[in-house]
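Peer 1: What follows is each chain in one-letter form.
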Amino acid sequence: MREVAVIGSGVTKFGELWEKSLADLVAEAGITAIMDAGIDGTDIDAMYIGGMSAGRFVGQEHLGALAAEVSGLSEMHIPSTRVEAACASGGLALHSGYLAVASGAYDTVVVGGAEKMTDVAGKEATNILASAASREWEAFFGATFPGLYALMARYHMHKYGTTPEQLASVAVKNHHNGSMNPNAQYRREITVEEVLNSTMVADPLHLLDCSPITDGAAAVIITSLDKAKEFTDDPVKIRASAQASDSISLAGRSRFDALPATIEAAKRAYKQAGIEPSDIDFAEVHDCFTIAEIMAIEDLGFFKKGEGGKASEEGLTALDGEIPINTSGGLKSKGHPVGATGIAQIHELLLQLRGKADKRQIEKAEIGLAHNVGGSGGTAVIHILEAI
Amino acid sequence: MSIARYWREIPQRYNLIGTKCGSCGRVYFPPKAICPVCRRKSIGKMEEYKLKGTGTVETYTIIHTPPPHFEGEEPYAIALIKMDEGCYLVGEIVDCDFEEIHIGMKVEACFRRIEEDGTRGAIQYGYKFRKAE
Ligand SMILES: [Zn+2]
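As given, the protein sequences belong to chains A and B, one line each in that order.
If you read the first sequence in the working numbering, its first letter stands for residue 1, the second for the next number, and so on.
If you read the second sequence in the working numbering, its first letter stands for residue 1, the second for the next number, and so on.
Same shape as in the complex, but just chain A:
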């Protein structure tokens, strides 16, 4: 396997983008990334696009060909493939593209992710998202997607003494970071009291413990490390790309205070990169719910199991903390267009590693990690990137 680099990235604004279609978003992100990387259509060997449920959100399947058409690449007949793993579709699209380049099958690949979620009513969007869980054995019996994370939250609180205030501190921190991200959906600062006073969705999770419903797209360009230097002076190396799967249903897992798929994917990623969790300077983690970030920073080895809530409350994951988490604002503030999320995380890593994160730039950004989860933990994808 050869080494792979990211040479460019692009994201659209995240939010309720009434005036833009799914195709518009895909085109905008793809073209921005292609321009950023300084490549031409003739340099592109393949495309991968992550999307969870365009068929139900906007009635459009066959995203591979759609992406080829709107990026102006259809006449070149470049192979374009859609990848789906619920909310981890973007991360898994990158893993797929990475394997294709690392194996030598392709040299330069465009990897995108997109979701257009606000064309349907909020309730319908929630119902579509529930298809990331087991329809037959969870959703049927009345378990919602926030409900499954609420089960894990209650379990974590009972076992480790994690508090609602500690959960809320994750949302507060992410909104603070997102207030400095011009592409974020919610750029408003919030307080712990506001989180605790917001509508209860699935006890103990309030509305402000949950990530929103969002339209958006993101894209990155990857190529072999050798070739990267032909295009840019500023390539970022992919030190690891790892995936792990688990039971789609929560009840089928081996434990409930962690996502076993995250623990396993992290183990594989650290092994591939030859590094320890303490070598990671910052990370974008999958905070679809506040409890998800707390479990993630434990499962990734940044904090001991059970200490994630305390670490968050004490500011250890803030921009100026021991290990800044979700400098972009995370899914919570930046928004969570499910198929795009895994790629948008890579975009943020690139900004930080290149020193271009503006007001939210952290001091030491040499090695960053991105953690993308599908459903309630049935899929986990981890990438580790390093500035070179």
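Because the hints were derived from the structure by calculation, they are not lab data.
Don't be surprised by glycine CBs; every beta carbon is placed ideally from N, CA and C.
Keep in mind that the hints are not guaranteed to be accurate.
[What the hints assert, rightly or not] Taking beta-carbon pairs under 10 Å as the criterion, some of the chain B residues facing chain A (in silico):
id, residue
1, Y49
2, I62
3, G126
Let chain A serve as the given structure and place chain B with the ligand on it in line with the hints.
Peer 2: Chain B with the ligand alone, transformed into the frame defined by chain A:
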């Protein structure tokens, strides 16, 4: 879109029938065609196994924002239950004040209507749980 419309009949849903691995003795619910621990050794040895229906609340939540087929039912309690046979499942807790529900509470299965499909009028049944005596 109605979820119920395309549901097959799943008798295991109201009979709580899982499978027991003939190789290691582990009990699974929902039924599995293969034991994830024994894998190849379990092929052809997975036997139907009816759960007793008793278990313990491992964790729970009160749902305030329901899916379409539970609209009007909110708030309602959903729990992750460890069945006495060792497997876990997710189900609603009924006939019980929310204040009474706690981790470690003993529960037993009861069989209830889950939803009614408005178009066909087909009623879907399944298990729910109540506090065990
Ligand atoms: Zn077995």
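Peer 1: All hints, please: hold or fail.
Peer 2: Status of each hint after checking the structure:
1. Of the supplied interface hints, the one on B/Y49 is violated, with its beta-carbon coming no nearer than about 16 Å to a beta-carbon of chain A, more than 10 Å.
2. Against a cut-off of 10 Å between C-beta atoms, the interface hint on B/I62 holds, since the closest Cβ of chain A lies about 4 Å away.
3. The closest approach between the C-beta of B/G126 and any C-beta of chain A is roughly 6 Å, which is under the 10 Å cut-off, so the hint is satisfied.
Of the numbered hints stated above, the single one contradicted by the structure is hint 1.
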